[in-house]
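For the sequence shown, position 98 (counting from the first letter as 1) is numbered 710 according to our numbering, and the numbering increases by one without interruption.
Just so you know, these hints were derived from the structure itself, not from any lab.
Don't take each hint at face value.
[As the list claims (entries may be wrong)] Below, in silico cross-link-like pairs of lysine to any residue (SDA-like), each with a Cα-Cα straight-line distance of 20 Å or less:
id, residue 1, residue 2
1, Lys715, Ile870
2, Lys873, Lys887
3, Lys873, Ala765
4, Lys883, Ile870
5, Lys791, Arg716
6, Lys873, Pro750
7, Lys877, Ser893
8, Lys791, Thr738
9, Lys883, Glu848
10, Lys715, Lys900
11, Lys715, Lys791
12, Lys791, Leu774
13, Lys877, Glu799
14, Lys791, Arg809
15, Lys900, Lys770
16, Lys715, Ser752
17, Lys877, Met747
18, Lys770, Gln876
19, Lys887, Tyr693
20, Lys770, Lys883
21, Lys791, Phe818
22, Lys900, Ala765
23, Lys791, Ser831
24, Lys715, Glu879
25, Lys770, Leu830
26, Lys877, Arg828
27, Lys877, Arg716
28, Lys873, Asp859
29, Lys791, Leu830
30, Lys791, Met869
31, Lys791, Arg828
32, Lys770, Arg754
33, Lys791, Pro750
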Amino acid sequence: SGVKPCAKGCEQISKVCIDEESLGIEVKPLGSTLRAKSLNIDPKPNTAQDYVFKTHSHSQRFSKIQKLPKANKMEHLYNTYLYLSYAQRLPTLPAPSPLDLPKRCNGEKTLVLDLDETLVHCVSGTLSNAVHLTMDTPNSQRVPISMFVRPYAQELLKAASLEFEVVVFTASHQFYADKVLDYLDPEGELIHHRLYRHHCTSVEGFNVKDLRVLGRDLSKVVIVDNCAISFAYQLENGVPILSWYSDIEDRELQKLMIYLKMAQKAEDVRKLNRKTFNLRSFCSEYEKASYSSDKENYKPK
């Protein structure tokens, strides 16, 4: 992992270099995905803007599935519901031994980013309009990969690296992830630490990213992942971003940069996330919304 000093020193950390007017985004607190009383999650007048973002694609399986934006959002809600329901039943485990990750600055917040379907989408083979990489597997095979980079991924990394300790924590194997990360951050200046599948905790078939392995104050850690089961043991640290596959009009990382400005100022990021996403009550809200939607759509014969 590379260690990069803060742009303005430890005592005075600069603000995220994002100009809301130039982005053309109205800055609002993120709202619950189900604040509206139906599963139509498109932004509505007089309601909170829909900033809630994954279905998890275990990244060792390259998927060629293309999804329409609205179908992707609906699937995201459903899968978040399933994963959070399952997370409630996971066994309590002792804390993993913390890694020896050098800190850049005392008091600096840590941003943990997922890789696949959060920053990039990769498929096996060679596709047009993609970045072409070659992955060398442990059994000496060379596998061609087509990589698509999510809109605003580079801007996010550049802005966040000035403001946060940036950690990419992926459930992928290192031999694959490093190829992708070396492309995103060739100079090793934007991503300060890299964690891989072997740093995950395997629980009932899931690769859970137990944030205690970072050895950081969890009140200062935000994890952005398209799979809620990934942060099952620290739900209130999580931002459940929408999975990305190919939509060139996607703006979720742009919205995320705005949210991170709020997180950077928060004394405890978990309180901000709790107020914004309220994931502990997500399942009951989803069930109520689904029931209401079913009643509205039911037509007796």
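Now the hints, each set against the structure:
no. : hint               : result
1   : Lys715 with Ile870 : 24 Å, violated
2   : Lys873 with Lys887 : 16 Å, holds
3   : Lys873 with Ala765 : 16 Å, holds
4   : Lys883 with Ile870 : 17 Å, holds
5   : Lys791 with Arg716 : 25 Å, violated
6   : Lys873 with Pro750 : 40 Å, violated
7   : Lys877 with Ser893 : 25 Å, violated
8   : Lys791 with Thr738 : 16 Å, holds
9   : Lys883 with Glu848 : 8 Å, holds
10  : Lys715 with Lys900 : 44 Å, violated
11  : Lys715 with Lys791 : 25 Å, violated
12  : Lys791 with Leu774 : 23 Å, violated
13  : Lys877 with Glu799 : 28 Å, violated
14  : Lys791 with Arg809 : 15 Å, holds
15  : Lys900 with Lys770 : 40 Å, violated
16  : Lys715 with Ser752 : 35 Å, violated
17  : Lys877 with Met747 : 40 Å, violated
18  : Lys770 with Gln876 : 15 Å, holds
19  : Lys887 with Tyr693 : 18 Å, holds
20  : Lys770 with Lys883 : 26 Å, violated
21  : Lys791 with Phe818 : 24 Å, violated
22  : Lys900 with Ala765 : 35 Å, violated
23  : Lys791 with Ser831 : 31 Å, violated
24  : Lys715 with Glu879 : 19 Å, holds
25  : Lys770 with Leu830 : 23 Å, violated
26  : Lys877 with Arg828 : 17 Å, holds
27  : Lys877 with Arg716 : 18 Å, holds
28  : Lys873 with Asp859 : 25 Å, violated
29  : Lys791 with Leu830 : 29 Å, violated
30  : Lys791 with Met869 : 25 Å, violated
31  : Lys791 with Arg828 : 27 Å, violated
32  : Lys770 with Arg754 : 31 Å, violated
33  : Lys791 with Pro750 : 14 Å, holds
Checked against the numbered hints given earlier, the structure breaks hints 1, 5, 6, 7, 10, 11, 12, 13, 15, 16, 17, 20, 21, 22, 23, 25, 28, 29, 30, 31 and 32 and satisfies all the rest.
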